Structure formats: C-alpha cells, structure tokens
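Starting from the known structure of chain H, fit chain Z onto it as the hints suggest.
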Amino acid sequence: MSPYASQVRTELALATRQSEQLLVSLGIPLLVLVFFSLVDVVPVPTADAVDYVAPATLALAVMSTAMVSLGIGTGFERQYGVLKRLGASPLGTTRWVAAKTTLVVLTEVVQVAVLVAVAFGLGWRPPVTGWPEAIGGLALGTLAFAGLGLLLAGTLPGLATLAITNGLYLVLLLTGGMIVPIDDLPSWLANIARLLPAAALVEVTTGSLVAGGEVGGWAWITLAVWATAGPLAAARWFRWS
Amino acid sequence: MTSGTPSSGDVVIEVTDLMIRYGDIVAVDTASFVAHAGEVTVLLGPNGAGKTSLVEHLEGYRPASGGQARVLGLDPVRDHGTLVQRVGIMLQDGGIQPAIRPQEVLRQYAGFFPNPLDVDDLLGGLGLAHCATTTVRRLSGGERQRLSLALALIGRPEVLLLDEPTAGVDLEGREQVRSTLESLRCDGVGVLLTTHDLDEAERVADRVVVIDRGRIAAEGSLAEITSHSDNSLQFRCHGSLDVTALAAALGAVVRASGQHSYTIDAPADPDRIARLTSWLAEEGLTATEIRASGTRLEDVYRTLIVTHDHDGTDRSTGGAS
Numbered sequence: 001m002s003p004y005a006s007q008v009r010t011e012l013a014l015a016t017r018q019s020e021q022l023l024v025s026l027g028i029p030l031l032v033l034v035f036f037s038l039v040d041v042v043p044v045p046t047a048d049a050v051d052y053v054a055p056a057t058l059a060l061a062v063m064s065t066a067m068v069s070l071g072i073g074t075g076f077e078r079q080y081g082v083l084k085r086l087g088a089s090p091l092g093t094t095r096w097v098a099a100k101t102t103l104v105v106l107t108e109v110v111q112v113a114v115l116v117a118v119a120f121g122l123g124w125r126p127p128v129t130g131w132p133e134a135i136g137g138l139a140l141g142t143l144a145f146a147g148l149g150l151l152l153a154g155t156l157p158g159l160a161t162l163a164i165t166n167g168l169y170l171v172l173l174l175t176g177g178m179i180v181p182i183d184d185l186p187s188w189l190a191n192i193a194r195l196l197p198a199a200a201l202v203e204v205t206t207g208s209l210v211a212g213g214e215v216g217g218w219a220w221i222t223l224a225v226w227a228t229a230g231p232l233a234a235a236r237w238f239r240w241s
Numbered sequence: 001m002t003s004g005t006p007s008s009g010d011v012v013i014e015v016t017d018l019m020i021r022y023g024d025i026v027a028v029d030t031a032s033f034v035a036h037a038g039e040v041t042v043l044l045g046p047n048g049a050g051k052t053s054l055v056e057h058l059e060g061y062r063p064a065s066g067g068q069a070r071v072l073g074l075d076p077v078r079d080h081g082t083l084v085q086r087v088g089i090m091l092q093d094g095g096i097q098p099a100i101r102p103q104e105v106l107r108q109y110a111g112f113f114p115n116p117l118d119v120d121d122l123l124g125g126l127g128l129a130h131c132a133t134t135t136v137r138r139l140s141g142g143e144r145q146r147l148s149l150a151l152a153l154i155g156r157p158e159v160l161l162l163d164e165p166t167a168g169v170d171l172e173g174r175e176q177v178r179s180t181l182e183s184l185r186c187d188g189v190g191v192l193l194t195t196h197d198l199d200e201a202e203r204v205a206d207r208v209v210v211i212d213r214g215r216i217a218a219e220g221s222l223a224e225i226t227s228h229s230d231n232s233l234q235f236r237c238h239g240s241l242d243v244t245a246l247a248a249a250l251g252a253v254v255r256a257s258g259q260h261s262y263t264i265d266a267p268a269d270p271d272r273i274a275r276l277t278s279w280l281a282e283e284g285l286t287a288t289e290i291r292a293s294g295t296r297l298e299d300v301y302r303t304l305i306v307t308h309d310h311d312g313t314d315r316s317t318g319g320a321s
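Heads up: the sequence lines are chains H and Z, in that order. Taking the working numbering, the leading residue of the first sequence gets 1, the next gets one more, and so forth. Taking the working numbering, the leading residue of the second sequence gets 1, the next gets one more, and so forth.
Hints in this document: simulated from the structure, not taken from any laboratory. All of these numbers come straight from a predicted model, not from anything done at the bench. One or more hints might be untrue.
[What the hints assert, rightly or not] Stretch by stretch, here's where chain Z covers chain H in the computed footprint (C-beta under 8 Å, at least three residues):
1. 6 to 12
2. 85 to 95
[What the hints assert, rightly or not] Computed beta-carbon distance windows for the label pairs:
3. H/Leu23 with Z/Asp197: 41 to 51 Å
4. Z/Asp79 with H/Leu23: 41 to 51 Å
5. Z/Asn47 with H/Ala117: 57 to 67 Å
No residue lacks a Cβ here, since even glycine has one placed at the ideal position from N, Cα and C.
Isolated chain H (complex conformation) (with noise of 0.2 Å):
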C-alpha cells in the first residue's frame, strides 16, 4: 500500500467512527434542507422553496466539510502532535494535502449526493444547464473554505479553532444567503456578506441552478479572490506543531 493510500484508509476510519463529524457534514445540510423547504418561513425568491433551498444547501454543505469538518479535525491533529509526528515519517507534505484533499471531495460527493438525491424527492428540478456552473462554484468554494479552515487550524490552539470554526460557520450560514437570500437582509449587512465567500457560493449555486436565473458577476470574483487567497494565506502562516 502507498503512503498515501495508507493516510487516506486512515483518515476515512477516523472520519466515519466520529459522529461528530457526520452530523455537520451530513446531518445540518439535510434538515436545512428538509425544514426549509417543508416549512414556509423564510422570505425565498422561487415559488416553491426547495428551488432555491435545494442549490443553497449545497453551499452549505461544502462550507461544512471543507472549513469546519477540516479545519477542527486539522486543528486537534495538530494540537496532539499528529502532524508533527507525520513530519518525520515519509509520507511528506505533498501527499498529506492530497490525502486530506481526497477526503473532503469524497465527503463532498457523498454531501451532494445525498442532497440532491432527497431534493429531488421534494420535488426539485433545476435546469441541467446549470450544472457545469455550479459544479464549477463548489470546486471554488472548497479552495476557500479549506483556505480558511487550515489558516485557522494552523495558527490557533485547537480548541480556539472549534470555537472559532463554528462562530464564523454560523455567522456565514446566517448571512451566506444559506437560509435567508441576502436581498432580504439590510442593505449595509448584505453589502459585507457579498464580500465573503459564503454569499458568493450560494449565488452561484443558486443562480446557475434556479431556473431563469442568472450568476452576478460579483459572485464569481469573490470566490475567486478567496480562492486563491485562503489557500496562500494557509500555506504561508500554517504551523505544524
């Protein structure tokens, strides 16, 4: 077996014994999901509210896996010495970013698999047009969030990244447009949300896969400035041990 085989077996085992981690990646979106399209509360733009809950869900999901399931799990490995102890072995940077980079694409296809596939029992349609475009978000989204999980993760005590991680997670679920679409939110609020990477996510999710609707440029730059930017500043202040 490759050393990076070997981590990937590893971190799967870890990741599916520790429930903790499930029921942000898995069980937050889905009753976001279901609630909010079953129930009419929130103030959505589509006639039916899966229709825009559905697409701002998958946002959701990816900021639950990419920031905080990796940002805390990276946070107390680091703490406990894991990573410093993986610095003497042989499997090497290179290959601890592809095995963690692996875990979370594989969690989030399961994320969105699921997602998508209890959506459609709600009775979601979204033009198949869309999905290039979204698919092409989420894979934006992902460089931001995990930039800005494993900046905190390796910078911050451990448990000031789960606190943190999970501060700023529902700071961005409330004003991502997660929930509640931005327009709904006071002007100077949606004005700053449209800046960080949540809102951005969810308006391209959301405008590529609401039919009729259309991605503000805005979006994609956000996205993309967070992209890289989240990713360089991990890479340039990430502390091992």
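Structure of chain Z alone, referenced to chain H:
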C-alpha cells in the same frame, strides 16, 4: 561516516559545535559528541538542559544556529526527506490521535515504508497485543509510550531518536523497552535516547553524554565517565577554606571543584572522613554533604553538574545525602 548502511561501531550521529538559540536564549551551546551503530547513547541531563532542542534538531524540526550535526552522514534539516526513511523517532509526548487504535496507527505508518515490520509481531513484542484495538485515549501512559516506540520501529530504522522513552512507563513496561533496546543494539541500530533518569541511563547506556544548560559536561562510555571519580571524597562547605592547609592535614590533594564544593583525591575511608570533619570543626566550618564517590553514575552526574555551576546557583542536589 558515510550515508550508506552503517555496521556496528560506525559513527551514525556526529554533532560538532552545535548551537541552537531561541532569540536570546541559548538552548544548546557548542555541543559536540558522537553516537555509534549498535550502541545505545544516552543524552543525560536535568530538565531544561537542552536535550529536546538537540534531539529535535537531529529530527529535522529545528534549524541549527551554528555548528553542525550529521545523522548517517546527512544534514538533518536539509536532507530531512531522505532521513525520514532511515530514522525512527519518538516524540516526548503526543503525536498520536486519541481516537485511533494501536493496530490502525501502526498499519498507517507501516504503509509509509517499503519494508515495514509486521504490525502484529511488533504489538506482541512490546506487550500491546491486548490493547491492539483499544482507542489510544483509553491506553495507560506506559502503553502509549510503548505504542510511540512501536511507531518509531515500524520502518526498520538504522537510527533511533527517542526523547524520554521511559517517562511515565511502569516497571514492567520499562523492562519491555529495555529488552527492545537490547535487541536493537544487537541488530546494529544506533540509538540515541534522552533521559533525566540516572538509573535508566545506567541500565541501558553504552555511552553517556551528560548535558547541562546546553553544554556537554562529559561524554564517554559508562566506564570512562565513572572511572575518574574513583577514590575521591567530595564535600560542600560555605565559608573560607584554606585548601592548602586541609591538604596538609589530610595528606592528600584537595581541589576546589566548584563554588563551595571541594574534591579530595583520596579514598573515602572512614578515617579520612573523620579527619576531614574534625579539621573543619577546628576551623569553625561546617560541611554540608560529604560524599564518597563510588562508580555510581549518579555521583559523577552530580559532580559534573556541580562543577558546571560556575555562576554559583545551587541546583546540584536535592539536599544533603
């Protein structure tokens, strides 16, 4: 020293005038020593002596501020990528996920090496078979240390760097660690381990390197280090002491071996001790700690550390003995 596979007796670690600084603090100060294949070299020193800083340079974690070190002929920082294939390490603490199981983490690391040891054999050999599938958070301190040692061994290393490998390990666990070290020695592995535990050092060391405040206070085989303390009597005494007068009274050479501490180069027989104390009494002086140096490393170690105390701070012993 070559970068090829070493055979017993070859130098596998060579440290030359190594300096490690953290800002203004000097953690390792012009340290020099060597370690050989097929030997257990013990880096012995009190807490804060610079052991971990030194070992972490050899492991490639910390850059040197001056001097150099070679592990298997290679630079530990620059050639880190090559050395990780050939060197096994044990961190002072941590390094293993609490949620993982011994068998899993050993299989994980086994996958990093081309020709690893058998995981189950290793678990058995270190007395971990009974907890192979217990999560690490439920293991005892000693079991965790042995697991950490197992991780260091899994890739069949030529050199082992073990930072405090027996800290927190119970007696039975220590025996297992010792017998593991013994078989590594026979296999020609070069082992460098740090400890502040004299007893441990005396039991396992082929070579001892005593480090204090970043400086190497002594280096050599156990026999070499303990030999020059044979037949001497040491004492501490505050107040002004006339070394020449005392030498005349005792008929032996008396040396000041540190601030307030003196060595008499003569066997510590009861008669000499009696004459010393009565002479001191006549002079109105009191001796604290009169000690006969035997061949115990403990005595040598204390003497070395005391001798090193040029600034006079007394932290040499834990009270009179």
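Do the hints match the structure? See the list:
1. Residues of the region 6 to 12 of chain H with a Cβ under 8 Å from some Cβ of chain Z number 4, which satisfies the need for three, so the listed coverage holds.
2. Figure legend: the region 85 to 95 of chain H, annotated as covered by chain Z; annotation consistent (7 residues with Cβ-Cβ distances under 8 Å, at least 3 required).
3. Separation of H/Leu23 from Z/Asp197 is about 45 Å and conforms to the stated range, judged on CB atoms against 41 to 51 Å.
4. At about 44 Å, the CB distance of Z/Asp79 to H/Leu23 agrees with the hint of 41 to 51 Å.
5. For the pair Z/Asn47 and H/Ala117, the supplied restraint of 57 to 67 Å holds, since their beta-carbon distance comes to about 59 Å.
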